[in-house]
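A.B. asks: Since chain A is already given, all that's left is putting chain B with the ligands on it; use the hints.
The listed protein sequences derive, respectively, from chains A and B. Per this note's numbering, residue 1 is the first one in the first sequence, and the count goes up by one each step. Per this note's numbering, residue 1001 is the first one in the second sequence, and the count goes up by one each step.
Simulated from the structure, these hints should not be mistaken for lab results. Treat the hints loosely; a few may be bogus.
Said to hold, decoys possible - In silico lysine to aspartate or glutamate, EDC-like type, Cα no more than 20 Å apart, as pairs: (1) 1052/B to 403/A; (2) 402/A to 326/A; (3) 1080/B to 403/A.
Spelled out from the first residue to the last, the chains are:
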Amino acid sequence: MNVALVKNETGSALSDSFAIARDRLPGADKVAAAREAAFAAYAQAGLPHRRIEDWKYTDLRALMREVLPLAPAPDAAEFSRAASAAKLHAIEGVRRLVLVDGVFAPKLSELGGLEKGLGIRTLREVLETGDAALQTLLFTPDNANPMVALNSAMMTDGVVIDVADGVVLTQPLQIVHIASGTVPAAMFTRSLLRLGKDAGATLVESYIATEGAKAYQVHDSLIISIGNNSRLDHVRLNEDGRDAFNISSGVVSLGAHAHFNTFGMMSGAGVSRYQATIVFAGEGSRVETNGVNLLNGKQHADTTLFMDHAVPHCDSREIFRAVVDDRAHSVFQGRIIVRPHAQKTDAKMMTRALLLSDDAEADNKPELEIFADDVTCGHGATTGALDESLLFYLRARGLSEKEAQALLIQAFVGEAIESIVNDGLRELAIAAAQRWLEARG
Amino acid sequence: MSLLEVKDLKVRVEEREILHGLSLTVNPGEVHAIMGPNGSGKSTLSHVIAGKPGYEVTGGEILFRGEDLLEMSPDERAAKGVFLAFQYPVEIPGVATMNFLHVALNAQRKARGESQLTTPEFLKKAYAAAASLNIPRDMLKRGVNVGFSGGEKKRNEILQMALFEPAVCILDEMDSGLDIDALRVAADGVNALRSQGRAMVVITHYQRLLNYIVPDFVHVMSKGRVVKSGGKELALELEASGYAQFEDAA
Ligand SMILES: Nc1ncnc2c1ncn2[C@@H]1O[C@H](COP(=O)(O)OP(=O)(O)OP(=O)(O)O)[C@@H](O)[C@H]1O
Ligand SMILES: [Mg+2]
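Chain A extracted, bound-state conformation (with noise of 0.2 Å):
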């Protein structure tokens, strides 16, 4: 029996479904509350659908319909499949920490020879026996966001990462989702990571699944705190399999004079949305964004951001690019509200699309909300079709039409991966896009 059923049944069927559940989930007492409250907020809510306006473009109650039941814990021979496709997308010089359906794998983890100043522990550790405060931030995402909501109420595994202040990471971190199972299931993930002050450090997110997994579920969720005077490079790599729901949440708040350099990619899973809150919460603090979709088939990935200028003197840039074939559909959402106080803002969004075939379709909706007078704020939005002149130019010079087409479509998302600082992860960007283009064949 599916543990949270959502095709809007009774309250007391979804009940019934989170109580046999609740029995695999860590904590107690006010954990435990603090999942009631959340899955009562989910239940009252079900899936998000077209009618309401942040879910318009990408209705779950079509195209998910239901919520898997949660993942079986993985076997020896899912661990094993897993080591293996970890091993496929290992990157040199990274530690790795590793989920495998939805359950932190220590032994594909690398956790001996910590940095100094650096912390990890799992969620399910902190959920079962750390302290009230960081069990609280744990709650923090809005149970507004019913997906937010259900993620917070089945939340099983996940990492958590602490970096000291004054301590700048030298190796990046990566966490790996790897789904594995051999039955069709979901997994709640929730991870953490705290950025001291004066500190620095990259974070690698990833998502792949190994050979043979059956259509799953992947509900995920990050908060990220980064203190004053920090910098957090990030970089986001959906591979997820072609018949896998990505849902992801992130919950960014920076402290003052504070960087955040985040670059996503979602070139896997049949339905995934990312969808991301930034917060300036101190002045003078920079956030660049950067995205790329590479779509085709029948996928549908929706990309939403929320750009919270709730102080002066920060910036933010925002690139998205997306790259439609077939039948694909490609969404970006990006708020950004500049509050009353938040003078000297300096907020830009630029968003380009390449449809490759008259059925794609990209959908763009920029929002700003601007209550102080002395800012910088615009947004740009263009969607067009591969140039028919740069074609010819490089056919007529021996190049294939996918050939030259794959030239083209490398050029037009370069601009959003050249923002990738660390040039190892660049690398590992640019490959996963040479992936998605071979697929293409």
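C.D. replies: Frame of chain A; chain B with the ligands shown alone:
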């Protein structure tokens, strides 16, 4: 066998006939010059030979070494040795010139069943060709033609011709936008490629280019046809008297 044979070619663009039965035969080793007023169809002919979409061939044929060229895709034509130096080379932001040249050369080699050039092998070849055309290396690191001056774009076309070593080179106004020194360098580059087996079709408005690249034949095009053919002295004649005498003939 002729290298390139255009026979009674009729071409339409957007319902309008531009070429009205044009014929041209090019043999290995020959250099042909095509001259003619603006709008007479010179670039149209070069585009149709290279396989640019958007042109409707309503009559005639084009044979390359006896094979039907019109049946081939533009990349097949390139691999077989048809090269067009464009009158207006496009800019391709985000595609580094070096990478483009390497990918293109290997694509052609692959189509011909030849081995792929490794990066060092390719670089050696490319730098040598660039040096002989006075093309600085940092130009090759930029996006294809991006921010190139008019003359640099033309030199980049000649560079490609030198690298790809095609059998038929069609040069569409390679002299436009080149200063006198650049013209000499580019012409030297073209002359260096003249050989027994290779043919050139040089489209130009100016006799001056033909002082550097001396043609075997000169053709006058007017209103979509070749209206007169002759030796290199025909170009001098045109320089003196203009195209007016041919307008009626067309
Ligand atoms: N895509 C097009 N649509 C409509 N008309 C076109 C198109 N391409 C070419 N033509 C027309 O065809 C005619 C021949 O053009 P073409 O460019 O071949 O001339 P040309 O001889 O190369 O001229 P120039 O010396 O100015 O380069 C012109 O009248 C031009 O306007
Ligand atoms: Mg022309």
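A.B. asks: Does each hint hold? Answer for all of them.
C.D. replies: For each hint, the structure was consulted:
1. 1052/B to 403/A: holds (17 Å)
2. 402/A to 326/A: Answer holds: residue 402/A to residue 326/A is near 14 Å, not above 20 Å.
3. 1080/B to 403/A: Roughly 18 Å between the alpha carbons, so the hint for residue 1080/B and residue 403/A holds.
The structure meets every hint from the earlier list without exception.
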